[in-house]
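**Q** Based on the provided sequences and hints, a complete structural model is requested.
Here's the letter readout for the chains.
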Amino acid sequence: MDTDPFTLVLADEAATASLAARLAACVRPGDVIALRGDLGMGKTAFARAFVRSLAGAGEDVPSPTFTLVQVYDTEAGTIWHFDLYRLESPDDAWELDIEDAFADGISLIEWPDRLGNLLPAKRLDITLSPGDGPTVRQAELKGAADWPARLKELLGHD
Amino acid sequence: MRILGIETSCDETAAAVVDGEGKILSNVVLSQLDEHRLYGGVVPEIAARSHLDHIDRLVAEAMREAGLGFSELDAVAATGGPGLIGGVIVGVMTGKAIALVHDKPFLAVNHLEGHALTARLTHQLAFPYLLLLVSGGHCQLLLVEGVGRYRRLGATIDDAAGEAFDKVAKMLDLGYPGGPAVERAARDGRPQAFTLPRPMKGRPGCDFSFSGLKTAVRQALDGLGREATPQDKADIALAFQEAVADSIANRSRNAMRMARDLRPETCKLVVAGGVAANSFLRARLGETAAKNGFELIAPPLNLCTDNAAMIAWAGLERFRLGQRDSLDFAPRPRWPLDPEAAKLRGAGVKA
Numbered sequence: 001m002d003t004d005p006f007t008l009v010l011a012d013e014a015a016t017a018s019l020a021a022r023l024a025a026c027v028r029p030g031d032v033i034a035l036r037g038d039l040g041m042g043k044t045a046f047a048r049a050f051v052r053s054l055a056g057a058g059e060d061v062p063s064p065t066f067t068l069v070q071v072y073d074t075e076a077g078t079i080w081h082f083d084l085y086r087l088e089s090p091d092d093a094w095e096l097d098i099e100d101a102f103a104d105g106i107s108l109i110e111w112p113d114r115l116g117n118l119l120p121a122k123r124l125d126i127t128l129s130p131g132d133g134p135t136v137r138q139a140e141l142k143g144a145a146d147w148p149a150r151l152k153e154l155l156g157h158d
Numbered sequence: 001m002r003i004l005g006i007e008t009s010c011d012e013t014a015a016a017v018v019d020g021e022g023k024i025l026s027n028v029v030l031s032q033l034d035e036h037r038l039y040g041g042v043v044p045e046i047a048a049r050s051h052l053d054h055i056d057r058l059v060a061e062a063m064r065e066a067g068l069g070f071s072e073l074d075a076v077a078a079t080g081g082p083g084l085i086g087g088v089i090v091g092v093m094t095g096k097a098i099a100l101v102h103d104k105p106f107l108a109v110n111h112l113e114g115h116a117l118t119a120r121l122t123h124q125l126a127f128p129y130l131l132l133l134v135s136g137g138h139c140q141l142l143l144v145e146g147v148g149r150y151r152r153l154g155a156t157i158d159d160a161a162g163e164a165f166d167k168v169a170k171m172l173d174l175g176y177p178g179g180p181a182v183e184r185a186a187r188d189g190r191p192q193a194f195t196l197p198r199p200m201k202g203r204p205g206c207d208f209s210f211s212g213l214k215t216a217v218r219q220a221l222d223g224l225g226r227e228a229t230p231q232d233k234a235d236i237a238l239a240f241q242e243a244v245a246d247s248i249a250n251r252s253r254n255a256m257r258m259a260r261d262l263r264p265e266t267c268k269l270v271v272a273g274g275v276a277a278n279s280f281l282r283a284r285l286g287e288t289a290a291k292n293g294f295e296l297i298a299p300p301l302n303l304c305t306d307n308a309a310m311i312a313w314a315g316l317e318r319f320r321l322g323q324r325d326s327l328d329f330a331p332r333p334r335w336p337l338d339p340e341a342a343k344l345r346g347a348g349v350k351a
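Chain order of the listed sequences is A and B.
Quick note: the first sequence, position 29, residue 29 per my numbering, numbers continuous.
Quick note: the second sequence, position 218, residue 218 per my numbering, numbers continuous.
None of these hints come from the bench; they were simulated from the model.
The beta carbon of each residue, even a glycine, is placed where N, CA and C say it ideally should be.
Don't take each hint at face value.
[As the list claims (entries may be wrong)] Here are some chain A residues pointing at chain B (derived, C-beta under 7 Å):
{"no.": "1", "residue": "Leu39"}
{"no.": "2", "residue": "Gly40"}
{"no.": "3", "residue": "Asp60"}
{"no.": "4", "residue": "Thr65"}
{"no.": "5", "residue": "Phe66"}
{"no.": "6", "residue": "Thr67"}
{"no.": "7", "residue": "Thr74"}
{"no.": "8", "residue": "Glu95"}
**A** Pasting the structure below:
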């Protein structure tokens, strides 16, 4: 089942953060969100806002580029924030306990293509790309499984 | 007094023995970058399994080089976090096992505390001093007031500086690791060919931000309207390096003033972390420090980047104060040196 993606224009980083917080409010254990986009498109900013809206504004959210993953326990479930930029082979991801993350965690994955075939099909893809102006981003949200219905509820269909 | 240190929190698997006089009896690091490497070649250290494969050999090598048996140690210290949790677990379990078998005290050391106290190992510095920690995983300014007494004056609100170097190197297709690659390319750069923003410069406080600079590099590249030539890349690399150095120097200047307000006797700025290897940055920091009446202290590079001697030393400093950790210590993926600062800063961030 293929549905049209939702496309949103985000005026600045605050708009990116606000989208992240809205999504965070409706996630549940087992959800996998793949964050796509070139360097500098705001993937980490999105993830940081997402984590803080569930773990509390005071949570330190370091970029996981060097540690590959950071895990946060929240009331909504355990958030696994992956940055697979440095992953050389998809199989190395097993060392990061991806099976636990995908089973009952909430996974946010930057550079998801590094996972190859290990990337779950039942996921939400968010692609951030340049917009009309230096701070503007376009966000495309496209999900499989029950995501289209959830996105429709969350974002409407105007 | 002799302490074995173990470090496995990120890419490097390392073991070292340090004595009470601050003498490094051995310091072995497994990494393709280190001249002290035991086993050459590229090692995919991101996997915990890889730490597991090498840690026993490295510990044995560190003990052999130090000429000691485990029974001659006074304590065992291992990095307990922050870092990649799988790796930290390997180091902590190894340290605990040695401590348990040989009936020695165990200390779980905060990796950042290792960096923070290194200048006392290399330069016998007295407290307090200002520490600029700039690496691939960390970017912060700390007032080091004593063992276990750290005040975080500022930290990055997004990427670490080393991460920005790596990502810019990737955009410019210069290779990994990005720090040396960008510095090399920048040598052929023409000053003012490109101008990039100086993140946070002129703002109060001493937090850092490098995410926007990374984006500015992306825009400079896109703005070329053609494939980047080697000259373009050199020019952008130079502009980037200057922007990073300017920003870090500006933030450090504010931190020096803050440190003086808090502890007027503070007169040393210590720089640690892999980014401290950048000679352009070092020169800029040296100037800024001198202008503000500070002396810049830069430990040798192999002790600036991740290593186990700093873990052994931090363990030793804590051990001397009578501190011990229990064998049920649980590794900590995040472990701020100054938890109060993390909370305060987070509370101020706009939702």
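**Q** Determine for every hint whether it applies to the structure shown.
**A** Against the structure, the hints come out as follows:
1. Contact between A/Leu39 and chain B, as hinted, is supported at the beta carbon level, the nearest pair being about 5 Å apart and thus within 7 Å.
2. Against a cut-off of 7 Å between C-beta atoms, the interface hint on A/Gly40 holds, since the closest Cβ of chain B lies about 4 Å away.
3. Look at A/Asp60: its Cβ gets to within about 5 Å of chain B, closer than 7 Å, so that hint holds up.
4. Against a cut-off of 7 Å between C-beta atoms, the interface hint on A/Thr65 holds, since the closest Cβ of chain B lies about 5 Å away.
5. Residue-level restraint check for A/Phe66 holds (minimum Cβ-Cβ distance to chain B is 4 Å; threshold 7 Å).
6. For A/Thr67, the interface hint holds, the least distance from its beta-carbon to any beta-carbon of chain B being 4 Å, beneath 7 Å.
7. This hint is violated: A/Thr74 has a C-beta 14 Å from the nearest C-beta of chain B, more than the 7 Å allowed.
8. With a cut of 7 Å, the hint placing A/Glu95 at the interface with chain B holds, because the nearest CB-to-CB distance is about 4 Å.
Of the numbered hints given earlier, the model fails hint 7 alone.
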